[in-house]
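A.B. asks: Let's have the full structure, built from the sequences with the hints guiding it.
So the chains spell out like this:
2 protein chains.
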Amino acid sequence: MSGDKKNLLLLFDRPKEPVFVPKGNERKAFVVPAEYLTDKYKPVGTQVASRFGSEASEQIAVNKISIPDLGEILDLTRDENFTLFIPKHQRIAGRLINIFLGVRNVEDLIAVAVYARDRVNPYLFNYCLSVAILHRADTQDLDVPSIIHSFPDKYVDSKVFGQALEDATVVPENDRTPIEIPKDFTASDLEEEHRLAYFREDIGLNLHHWHWHLVYPSNAELSVVNKNRRGELFYYMHQQIMARYNFERLCNKMKRVERLIDWDEPIKEAYFPKLDSLVASRGWPARVENQRIRNLRRETDGLKLDLDDLKRWRDRIFAAINSKSVTDSTGKTIELNENEGIDILGNMVEASILSPNGEFYGNLHNMGHVFLSFIHDPDHRHLESFGVIGDSATAMRDPIFYRWHSYIDDLFQKFKSALPKYTVNQLNYPGVTVEGIEVGVQGGKTNNLQTFWQQSDVDLSRGMDFQPRGAVFVRFTHLQHRSFTYKIDVQSDLAREGTCRIFLAPKFDERNDEWLFTDQKHMFIELDKFKVNLKEGKNTIMRNSSDSSVTIPFERTYRDVDTSRPEGGDALARFNFCGCGWPDNLLIPKGTPEGLPCQLFVMISNIADDKIDQEVTGECNDSYSYCGLKDKLYPDRRSMGYPFDRLPRDGVDTLQQFLTPNMRVQDVTLTFENKTFKPKEVIS
Amino acid sequence: MSGDKKNLLLLFDRPKEPVFVPKGNERKAFVVPAEYLTDKYKPVGTQVASRFGSEASEQIAVNKISIPDLGEILDLTRDENFTLFIPKHQRIAGRLINIFLGVRNVEDLIAVAVYARDRVNPYLFNYCLSVAILHRADTQDLDVPSIIHSFPDKYVDSKVFGQALEDATVVPENDRTPIEIPKDFTASDLEEEHRLAYFREDIGLNLHHWHWHLVYPSNAELSVVNKNRRGELFYYMHQQIMARYNFERLCNKMKRVERLIDWDEPIKEAYFPKLDSLVASRGWPARVENQRIRNLRRETDGLKLDLDDLKRWRDRIFAAINSKSVTDSTGKTIELNENEGIDILGNMVEASILSPNGEFYGNLHNMGHVFLSFIHDPDHRHLESFGVIGDSATAMRDPIFYRWHSYIDDLFQKFKSALPKYTVNQLNYPGVTVEGIEVGVQGGKTNNLQTFWQQSDVDLSRGMDFQPRGAVFVRFTHLQHRSFTYKIDVQSDLAREGTCRIFLAPKFDERNDEWLFTDQKHMFIELDKFKVNLKEGKNTIMRNSSDSSVTIPFERTYRDVDTSRPEGGDALARFNFCGCGWPDNLLIPKGTPEGLPCQLFVMISNIADDKIDQEVTGECNDSYSYCGLKDKLYPDRRSMGYPFDRLPRDGVDTLQQFLTPNMRVQDVTLTFENKTFKPKEVIS
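Read top to bottom, the protein sequences are chains A and B.
Residues are numbered in the working numbering as their position in the first sequence, beginning at 1, plus a constant of 232.
Residues are numbered in the working numbering as their position in the second sequence, beginning at 1, plus a constant of 232.
Since the hints were made in silico from the structure, they are not lab data.
Check the hints yourself; a few may be wrong.
Pairs count within a copy or across copies, as identical chains cannot be separated in the list.
[Stated by the list, open to error] With a straight-line Cα cutoff of 25 Å, these simulated DMTMM-like cross-link-like pairs (lysine to aspartate or glutamate) come out:
1. K391 to D697
2. K272 to D416
3. K487 to D642
4. K556 to D642
5. K391 to D311
6. K415 to D311
7. K272 to E412
C.D. replies: As structure tokens, this is what we get:
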């Protein structure tokens, strides 16, 4: 019986192995009607069915339904790469999602998914089935496995797969040792930008980015796209990526990223991803030094676009920002106001289908990715696919991602700079004073945050198509930090609620000078945000770093179908949603061996202007700062980034001058210990 | 017993599978002493040995010898690429070859090869063991399998391997159908240079080039390098490649190749090889548009070289050419004379260790390949390996190969142009007159050569490491021609011998003008050369295209260890040697659909100046024109390329004027039929 809805998840296992090959470590096989077989397997249907059927632990009979017309969906062949950035691919994905959403029950969903699986592009299939499971009422309690298990090739050095094949074939399972991925496999330190590779190539970071774009698609049916404040969150999540990247750069004695403002000049930073696409059986194209963006003429991708188009969109968006108004597709003028303006602008710049006038304001951010991704073959003469910058699962690996998003962020900041400045009233919380901050670090010194290298293992075997079963682990090395606890002393004149907001920024700029507030405010990375109940008098707030509203724990980033997880439908639905979340191991930047002086900023803001009236329960509301909450309002009424999202009131030049009594700054140092700890040898 | 020397050939099977895994379709397993296992397998030695031993059809006990010190040989790691163009790699290869040559008998050779196999780079191992087998007295009767069976990834679209894995795993062997490689997988016709891809990417062509450099290494022990006229053959074989490439270009309405003479300017033609290196588990790097050659600083490759060095070598070589003399390493002056000068110059330009002064004249040709192959990462900051132009197995795929070799050839032509012109006496054969030429084409019209596309299959399974056994064929499409027969009428005043020389050139140049002889002579491609016995009076010489002295038959190009082959030691030794040979399917250029007017040139030259006194027997002397004869003198005493290798005597402006009575020209057309024939559907 295909009735057990968990069988749907078997379809994520080994995406290129035909559906009749037993799936998962449980070796369950789908028994499909003969007409479901692809042309390749129709002639040998009986033979293979009996061979694989006999290997299976359980046979899952699949419903015979009227076969859907896949039509345009098949235009994307099975050995191409799929990306959400190309409109044609978005449209194709929308059709398949609609097919999956449209069938009446889980049995039929399994049937149609089984039928589609060996016909459509495997990566497209994974995306569309994930979205459908996430949005169908009858499947929200299913937990989609992390994409790294289906497509490890998007996250792991291509060299590993040769080794993994050897181990899976020759070495007995119990004798296998994890295959180590060298920390520096894409470049050497001779390439200055490589100093940031540990951040850009962090597996959890790239999984977060994939997941963010999965839960916030820019093009799908309206109910899926039109999530509360999604345009603003697009701005804020990426602003925080930039703040965090620039922070990491200062840790590595590099200046902040240069915006990609001149689109005609050669791009000096190269990137060689050293990833293979197992779907396409091709290496990912490299982006070599000093390439220039060129006009796109790629008919198979439906792309006929000039750099001039991109420039026109840019100019129109700037005109909208400067006039604080946009013209919608009916010709009506919409004001970009203080609170909702950024949300409209976010949708317009990305662009999502919520853009008030996609025809006129275009598709700036997405197409920037696309232009950059085809820099090596803009007219498809060489039959090359897009580079890593063109796929949200891999884009953050390439240095150009940050130059492009620095440009995009700057554009949002132009808008933010023209908004009314926060008054002291909008910042202060009369009666509340933050009197002291102390950061206790496990096994370390007070106010001295500590980072180091840690190794972790992940099992690739679910993505190793056509290879013997049995776990094959790779061991990768990532940044980690000792866990720490904030101790915040707050004086309140009466019992009340408040929102505690915690940010961190470097204390000095690239010149080692103190910051002007107008610059430093862009450097503040959000570490946590949570509601506090203050009693009258002295309060001591204790909060652990692992409770951060920004991050998700390591286990959730890499979760597999076998991992234990929260029970019950509603909790599980949120769990899926919360695959989105900054990886815990990157909560704080790397720091420096000698200790980078930083400023920890704590604010208790006035609950009256913060509060959203809604119930939030369950285990999985812990990374809402960058990801929001599923089917809920964003749980903070303030503009995202508050209080650092606007220019400061007149007379404020430094952080110290900015402070009201409900804020406080504590100097902390951020020390990196250049030592690598083995898995489980955990001190975090 | 490892005594059966044929077991050596099992070491070429599945180069990455450890030596204890049963080898070949026969599934013979080497039983190795425990200390032969690599560190990875030492802990599980007993377990895997018994597992794989029980799978084997036969166990081959391996001698325990004193373990050799591999030393520097291990500097090239197992997952790097190996190339003969980099001096450090050449040196390492020399050491391993010496180890293989130095052991006293076949049993010990098997032992040391088994020991080395899982430790040294697999590609290096293949090369060194091939050379050793070719040159050891006790193994010359072994037939080394074609490299395409060990490393198909160097010859076949990377996409195929994903498909092959699916077929090997899922599809029963008898139901497998060949995997088709599209004819145009590397680019589209939007890229003008792609019109020549069928030539550049021809598998047989690239196998020929690999094999040529295998039998004519530029660096190894003197007895191996110092073959008769090897410097001259380097010039001539590559001159003919250029003539053939330019001929193909005219067939495709393209002008002749532009020499790569300006080494500072961006190179406009790009090349995206779309090959994976299975050894390195990396895609081969692409060469994108408009890259510039830059100074090399790659310490791991032992390369510290400026473009200025290359220019200095060039200038010194030009000085030698213009002065017709070189200064050897002892300071002595050596004349570059009329007959042997080109041989010295060839060794100097390539450069081989026979160069009279490698220190001074450098390593122009090889280093040109190296500079071009690292154009994307000259200082190794991105940890990238060389592009296809850096490996003689793949170099001919890249358009830049021909621009570079056009430059190299031009340099040789400068030298040739300064030599004494052939007098009528040196050309004529008094008493011999060629009176008529007719080309009979099988199934076609007289004097109308015909080409078409043909598909052929090759089994990849010997190179598919760690995958189930059983043949997996790929089907590729290549140029082919109907077989044809020359009928040459010759009048002789008495019974005598002569050498019949047959060449072909296009009749018109790119402007559709008739050629000046000084240009056309570079366009003549050698089709055949053979001894004729003339009787007094009228002679009719019949000769089939398949007997060409230039080509080897299809079966030999792709020969596998299982193919039947000549019997007996001496014949086999030559057979190996003759893996070198132009692929029969490219004997004549593609022509045009409307028929390209060409000129077929036939000459009977005077045996007195041609003849080499030596015995030539056996089945395998049939491609000596470009490859010479193993352990023999080059079987034609004339300068290679005669009679087209010099400027014509005064007063000769056209081919017609050049002719003496023992020469004749016949107009033929070269017609391409744009139709693809399936394998065996042979009409050639």
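A.B. asks: Take the hints in turn and mark each one as holding or not.
C.D. replies: Against the structure, the hints come out as follows:
1. K391 to D697: both (16 Å within a copy, 15 Å between copies)
2. K272 to D416: The answer is between: 23 Å across copies meets 25 Å, while 42 Å in one copy does not.
3. K487 to D642: Answer is within; shortest intra-copy Cα gap is 16 Å, inter-copy 50 Å.
4. K556 to D642: within (16 Å within a copy, 66 Å between copies)
5. K391 to D311: Both ways: K391 and D311 sit 20 Å apart in one copy and 8 Å across, limit 25 Å.
6. K415 to D311: between (30 Å within a copy, 17 Å between copies)
7. K272 to E412: between (37 Å within a copy, 13 Å between copies)
Checked against the numbered hints above, the structure violates none of them.
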